[in-house]
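K.L.:
Protein sequence lines, in the order shown, are assigned to chains A and B. Here this note's numbering is used: position 204 in the first sequence is 204, and no number is missing along the way. Here this note's numbering is used: position 179 in the second sequence is 448, and no number is missing along the way.
Certain hints may be false.
[As the list claims (entries may be wrong)] Listed next, the in silico BS3-like pairs over lysine-lysine satisfying Cα-Cα at most 25 Å (straight line):
hint	chain 1	residue 1	chain 2	residue 2
1	B	K431	B	K370
2	B	K431	B	K447
3	A	K217	B	K431
4	B	K509	B	K340
5	A	K217	B	K447
6	A	K161	A	K260
7	B	K451	A	K217
8	B	K509	B	K370
9	B	K431	B	K451
[Claimed, not checked] Estimated spans, in silico, between C-beta atoms of each pair:
hint	chain 1	residue 1	chain 2	residue 2	range
10	B	G338	A	E8	46 to 54 Å
11	B	P541	A	F31	42 to 50 Å
12	B	K447	A	R179	51 to 59 Å
13	B	A421	A	F109	23 to 31 Å
14	B	A408	A	R255	56 to 64 Å
15	A	I88	B	P337	54 to 62 Å
Since the hints were derived computationally from the structure, they do not count as laboratory data. All C-beta atoms, glycine included, are put in the ideal place defined by N, C-alpha and C.
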Amino acid sequence: MAKRMFFERVLLWSVGLVLVVFLLAPVLALFMTSTLSELGAGLAHPLVGPALRLSLVTTSISLLIVVLLGTPLAWMLARSRGRIARVIELFVQLPIVVPPAVAGVGLLFAFGRRGLLTGVVYPQSWALAFSTAAVVMAEVFVSAPFFIQAASAAFRRVDDKLLTVARSFGASPLRIFFRVAVPLSAPGLAAGAAMSWARSLGEFGATLMFAGNLQGKTQTLPLAIYVGLESDPRAAQALSIILISFALTLLIVMRALLRKVNGAGEAPF
Amino acid sequence: MIVTELQGSRQSLSRRAMLIVTLLFLIVGCRNGDPATETSEQQLVVFAAASLRESFDELGLEFQRSHPGVKLTFNFAGTQELRAQIQHGAQADVFASANQKHMAELVRAGELTQPIVFAHNEPVIVVSLESASQVQSIADLPGLARLVIGAAEVPIGEYTLKILERASLQLGADFSEKFQEKVVSRELNTRQVLTKVSLGEADAAIVYRTDAMSAGERVRVVSIAPELNVTADYPIALLKHAPHPYLARAWLDLVRSERGANILQRIGFTTPARSSEVP
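Using the sequences plus the hints, can you model the full thing?
P.N.:
As structure tokens, then:
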């Protein structure tokens, strides 16, 4: 019996391992086909510096926007049981499943020069497409849902009894939000922020279509990789290695934070 | 709960696992009898510069009339992107490029047979309808708010930089700099450049005459003075490892035929006198 269980376990593992090998191969290939000196030469390529700086600046700004606007929204979504809240939740999650190229076209048709909102909500001369602001907008659009989803999940775990107690002591809704809900959900919020940051750092399609491709202004790391592959593949590889290292670090941090929250270390994503 | 369920269905689980393994073997085993090899001559894959879209689409209709049943697949993209794809092993039969440089590099890499120039194109200025009245010549472009050009790796971008260099000799040393200050995006193929102007997102751009003609009434076209302008050469070549060399040669013959030249000219290209081989 034990022997048979062992055999079956090995069988299931070996079937699963096919997928593991497939998922690992591109990552290993990026690291193994490069040497340190090649990595150095790739990083010295003129594409790299401006793209790295731009990506860090724009993703920091978009993360700030997502957290500042997304935290109250996630809290309200987590507390409300109404149908309207569920409909809002649905539309807030939509960018997760919408292809980035669709996001790019949509942003262009909303905020471009002949866009729906241009000239109505703000003056024509403010047209936002093809600027660094457009990069941030694309990043916010694709990454906000990841934060909101994680933040609502964290807020839903806050014990109702604690909130009732706080309320009975006369705490206002704002005070409850800042002094009870946010501190109790901090690890979950941080994990959501990490996930959201990773997504905006990798944003490519919407940026290319809505913000264009201009070094130092709208050419982020993924765009530099795309251009680099056609001019200097070593630079593209070096940038890819940087991004993978970033992503891996973020993932480890996120999992550690979530383990703190629910003990089991299971990511809700 | 889950544990008991698992134990209850352990028998069927292992059976399922066996089924999966068997299926995997079947899939792997099928590779030998690939049906694609039998019909390989019934397909033609053409990689072509983005600016060739209309002309090759039309040539494709012509080709299909003389080769019924052949499946014709186009890959239109920036020439530099197609070159990268071919270098990374993309399967194609024919490569048509918007400049000599990328073609020459693939020839040097041993990927292509001798290329032949089959068409010439002319860079022009396209202006959005909103800014149409403000542009009479290239000298007016730095006065606009937003310009878009091709990236330096893209043929149209390379031609644009050459034109700016020449214009700087005539219009002042800082012309190119002033022009590029107004550039908001360096797009990765000529069609993306054109789209930004036809959508009104950019005021003006430099694209090929053929692109400008394809946009019809959505943009205004301003020619570039001949002494500042360059000619874009379009070479075409077979891939050395073309899976369908017979059809590839037929495509080349069509492109260089009188009928092919007529189609190319109607779309805005000029065509060379026959048999202008690249050394």
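K.L.:
Verify the proposed pairing of A:K161 with A:K260, using a straight-line Cα cut of 25 Å.
P.N.:
Within the cut-off at roughly 21 Å; holds.
K.L.:
For B:A421 and A:F109, compare the CB-CB distance with the range 23 to 31 Å and indicate the outcome.
P.N.:
29 Å Cβ-Cβ, so the 23 to 31 Å window holds.
K.L.:
Check whether the Cα positions of B:K431 and B:K370 lie no farther apart than 25 Å.
P.N.:
holds, 14 Å
K.L.:
Quick check: does the Cβ-Cβ distance between B:K447 and A:R179 fall within 51 to 59 Å?
P.N.:
Given a distance of about 56 Å, which is inside 51 to 59 Å, the answer is holds.
K.L.:
Straight-line Cα separation of B:K509 and B:K370 no greater than 25 Å?
P.N.:
holds, 18 Å
K.L.:
Check the hint pairing A:K217 with B:K431 against an upper bound of 25 Å on the C-alpha distance.
P.N.:
The hint holds at about 23 Å.
K.L.:
Does B:K447 lie within 25 Å of B:K431 when you go C-alpha to C-alpha?
P.N.:
The given pair, whose Cα atoms are some 15 Å apart, holds under the 25 Å limit.
K.L.:
May I ask you to test the hint 46 to 54 Å on the CB atoms belonging to B:G338 and A:E8?
P.N.:
The hinted range 46 to 54 Å holds for B:G338 and A:E8, with Cβ atoms some 51 Å apart.
K.L.:
Holds or violated: B:K451 with A:K217, Cα cutoff 25 Å?
P.N.:
Given pair B:K451, A:K217 holds - Cα atoms ~12 Å apart, limit 25 Å.
K.L.:
Given the hint that A:K217 pairs with B:K447, does the C-alpha gap stay at or below 25 Å?
P.N.:
holds, 17 Å
K.L.:
Quick one, are B:K509 and B:K340 close enough, alpha carbons at most 25 Å?
P.N.:
holds, 20 Å
K.L.:
Quick check: does the Cβ-Cβ distance between B:P541 and A:F31 fall within 42 to 50 Å?
P.N.:
Given about 48 Å between the Cβ atoms, the range holds.
Consistency note: the structure conflicts with none of the earlier hints.
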